[in-house]
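Novice: Under the working numbering, residues 5 to 138 are what the sequence shown spells out, in order.
In short, the hints are calculated from the structure, not lab data.
Careful: at least some of the hints might be erroneous.
Stated by the list, open to error - Derived DEER-like restraints, expressed as beta-carbon distance ranges:
id	residue 1	residue 2	range
1	40	81	26 to 32 angstroms
2	61	8	21 to 27 angstroms
3	99	61	17 to 23 angstroms
4	44	65	17 to 23 angstroms
5	88	40	15 to 21 angstroms
Said to hold, decoys possible - With a straight-line Cα cutoff of 16 angstroms, these simulated EDC-like cross-link-like pairs (lysine to aspartate or glutamate) come out:
id	residue 1	residue 2
6	57	76
7	57	28
8	62	27
9	57	39
10	62	28
11	98	65
Cβ coordinates follow ideal geometry from the N, Cα and C atoms, glycine included.
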Amino acid sequence: MPHQFPFWNTFFRHLGYRVVLSEETNHRLIRSGTEISVAEPCLPIQAYHGHVKELVDKQVDWIFIPNTINAETPFKEVNSYYCPWGQTIPFVIKNSEVFASISEKNSQSFASFPGRKKCHCTCSNENIPFIGRE
């Protein structure tokens, strides 16, 4: 989902948030994510765990982990969906023992990209306190 960063960065900056990023994916992050994964998911999901852990270690106030089901596609007649691990990563992270310290702070958020130039977002917290905001 890194290709969505320009969208989310603009979105949160316009809301007045300071966006804090984890570092680029590297062996250390992957190793960290592999050690804390609750199962044996694919490498990208293990790396995702490592990225979230790094943000927890940076002690950011909130971490934005969208529940993204589908992705943009240039073909109108094709539905493009993320794999089940990618779709459920917010729930896996939220229920992981390692991330218990952030679970209460984070909002449940959902993002859907039904077509180009269109996004539907919902959030379970009306104050929208999410994404590495300090």
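Novice: Which constraints among the numbered hints does this structure fail? Numbers only, ascending.
Specialist: 1, 4 and 6
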